[in-house]
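Here is how the chains run, residue by residue.
2 protein chains.
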Amino acid sequence: MSTTDSLWINGEIVPLSEARVSIEDRGFQFADGVYEVIRIYNGKLFALDAHLRRLENSAAGIQLPLPVNAASLKSEISKFVSRAAIPDGMIYLQLTRGVAPRNHAFPDCKPTLLFYARTLPPLPDQPAAEGVKLLSVPDERWKRCWIKSIALLPNVLAKNQALAAGADEAVFVENDVVTECSASNLFAVIDGRLFTHPVGPKVLPGITRALLFELAPSLAISAIEQPFGESEAIAADELFITSTTREISWVAQWNDRPIGQKQCGPITKKLYAALRDRVRSQTA
Amino acid sequence: MSTTDSLWINGEIVPLSEARVSIEDRGFQFADGVYEVIRIYNGKLFALDAHLRRLENSAAGIQLPLPVNAASLKSEISKFVSRAAIPDGMIYLQLTRGVAPRNHAFPDCKPTLLFYARTLPPLPDQPAAEGVKLLSVPDERWKRCWIKSIALLPNVLAKNQALAAGADEAVFVENDVVTECSASNLFAVIDGRLFTHPVGPKVLPGITRALLFELAPSLAISAIEQPFGESEAIAADELFITSTTREISWVAQWNDRPIGQKQCGPITKKLYAALRDRVRSQTA
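Quick note, the sequences are listed as chains L and P, same order. Just so we're aligned, residue 0 is where the first sequence starts under numbering that gives the first Met the number 0, counting upward by one. Just so we're aligned, residue 0 is where the second sequence starts under numbering that gives the first Met the number 0, counting upward by one.
Don't take every hint at face value.
[What the hints assert, rightly or not] The calculated DSS-like cross-link candidates involving lysine-lysine, where the alpha carbons are at most 30 Å apart (straight line), are: (1) L:K73 - L:K109; (2) P:K109 - P:K142; (3) P:K132 - P:K269; (4) L:K142 - P:K132; (5) L:K142 - P:K142; (6) L:K132 - P:K132; (7) L:K43 - L:K73; (8) L:K142 - L:K132; (9) L:K43 - L:K261.
Treat the hints as calculated values from the structure; they're not laboratory data.
Make a model of the complete structure from these sequences and hints.
Spelled out as structure tokens, the structure:
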């Protein structure tokens with residue numbers, strides 16, 4: 000079997016189509032787990048260390064020790080990917096507290112750790128011709144969004160509300176403060192400077208988000224963690240969203256309002272190019 | 000195999016120990032599902048209709064149509080339980096959106112519906128000698144707690160925070176308003192009247208909770224849905240919590256403060272007895 004059809008689970012490799020967990024796995028009954036999505040470019044893992052650090056933070060946030068240390072896990076994932084024949088794709092990794100008779104109290108059991116690969120189309124060198132459309136929805140999620148937990152039902156409902164309205168992604172707004180999107184972080188360009196909400200109760204520490212903070216100074220762009228309101232977002236010169244799978248997508252529309260010049264803006268383009276350069280240099 | 004060792008899943012009965020779901024089940028990857036816990040007394044299901052109505056409401060709340068109609072489901076559960084040899088126990092039922100390659104967008108797939116039985120010790124005719132201890136924690140959950148979803152990670156974390164502090168249950172407080180507990184509703188007796196927070200964004204429509212509203216008038220007790228603060232709760236004459244598995248448990252302590260007379264109060268006792276009578280009459 001090819002690696003894209005197989006799955007690593009607790010040290011074993013099994014066909015993905017046969018990969019099952021007990022219905023008493025706490026990931027299934029309690030959403031008691033965390034996850035990561037790691038990009039593969041040119042057959043190589045991108046930003047793996049940053050993803051594993053975030054995994055450790057998320058797991059610590061739910062008092063779930065990693066069943067293997069980060070170095071061993073890195074080696075297992077790397078071996079798995081190096082045997083894969085996929086130039087462009089991703090690793091989906093999930094860690095749950097494991098299998099035990101249903102009870103809220105933490106059981107004494109072995110965690111479930113699994114990962115598998117999926118192919119993805121390669122990212123283009125230039126930003127897409129079409130921007131994404133956002134639908135704003137009330138941020139009704141819990142207050143520990145910095146934990147990348149599998150309790151994703153609120154995100155799923157928001158995303159589908161956006162899709163049903165003809166938009167591509169839902170953007171969360173709480174007390175007129177724009178937090179993040181259902182599966183991405185949001186950035187606004189206002190008067191040449193880059194703004195995004197600080198990470199914390201309502202914002203995930205996105206890996207692509209952090210990379211842009213690393214890259215912005217070299218482009219002489221000020222990047223500022225600061226909350227902003229919905230009207231500021233709509234009036235921004237440029238808006239874009241970031242995630243591991245989409246990198247950077249420029250925003251063309253917010254509900255029924257066009258954003259900026261209805262094309263990918265100059266600062267978004269610079270950041271897009273810098274990020275592509277970074278990806279190329281690290282996955283050559 | 001006896002029925003307590005078996006599980007009904009999508010119309011099939013399999014041994015519980017072999018009951019597995021795909022790792023791509025949306026219950027496992029997205030917490031995209033809902034559940035119910037239904038009590039069995041004297042071999043009979045208690046308040047089954049109310050639980051199935053709530054299941055339908057929860058499922059509608061996440062836009063998930065039941066894969067079988069409520070009447071068929073009722074018949075399947077009843078058949079399953081009538082074959083069981085458990086006088087006292089519960090049915091755990093879970094419904095998820097089903098198996099599909101991981102993507103937030105709702106897939107076109109068949110939901111996963113399963114249920115199984117667990118034995119429980121019979122409930123005593125008198126309230127327990129010992130009251131429960133509550134630990135108050137900030138209510139950081141999402142705002143659709145009226146949906147009995149499997150996205151229970153916030154409840155699991157709160158419950159374990161309480162256990163680690165030597166308490167039995169966590170009580171959620173938001174902006175000094177007491178909402179509910181991690182796996183139960185909370186009632187306060189103040190000047191002879193019964194108070195509990197209205198159901199809605201932060202409170203599940205508990206089945207036992209609703210039963211008490213039915214029973215209170217016949218005991219000449221006023222039952223009022225009205226939010227109250229933490230200091231009012233601590234100063235209450237009596238406090239108790241309700242859930243399907245515990246029915247009514249009187250509260251002895253709130254953090255380090257004793258509640259009431261440090262024994263099960265007279266109004267709690269009346270409600271406890273009325274609820275036991277109701278259970279007996281409906282499961283004779």
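Do the hints match the structure? See the list:
Proximity of K73 of chain L to K109 of chain L is assessed by CA-CA distance (about 20 Å); at most 30 Å being required, the pair is judged to hold. The hinted pair formed by K109 of chain P and K142 of chain P meets the criterion: a straight-line CA distance of about 28 Å does not exceed 30 Å. Taking the CA atoms of K132 of chain P and K269 of chain P, the gap is near 21 Å; set against the 30 Å cutoff, the hint holds. About 25 Å separates the Cα atoms of K142 of chain L and K132 of chain P, which keeps this hinted pair within 30 Å; it holds.
The suggested pairing of K142 of chain L with K142 of chain P holds, with an alpha-carbon distance near 11 Å, which does not exceed 30 Å. Restraint check for K132 of chain L and K132 of chain P: the C-alpha separation of about 49 Å exceeds 30 Å, so the hint is violated. Proposed proximity of K43 of chain L and K73 of chain L is supported: the alpha carbons are some 13 Å apart, at most 30 Å. For the suggested pair K142 of chain L and K132 of chain L, the alpha carbons sit about 26 Å apart, so the restraint of at most 30 Å is met.
Note on K43 of chain L and K261 of chain L: the hinted pairing is violated, with a Cα-Cα distance of about 35 Å set against a maximum of 30 Å.
Violation of the numbered hints given earlier is confined to hints 6, 9; the remaining hints are satisfied by the structure.
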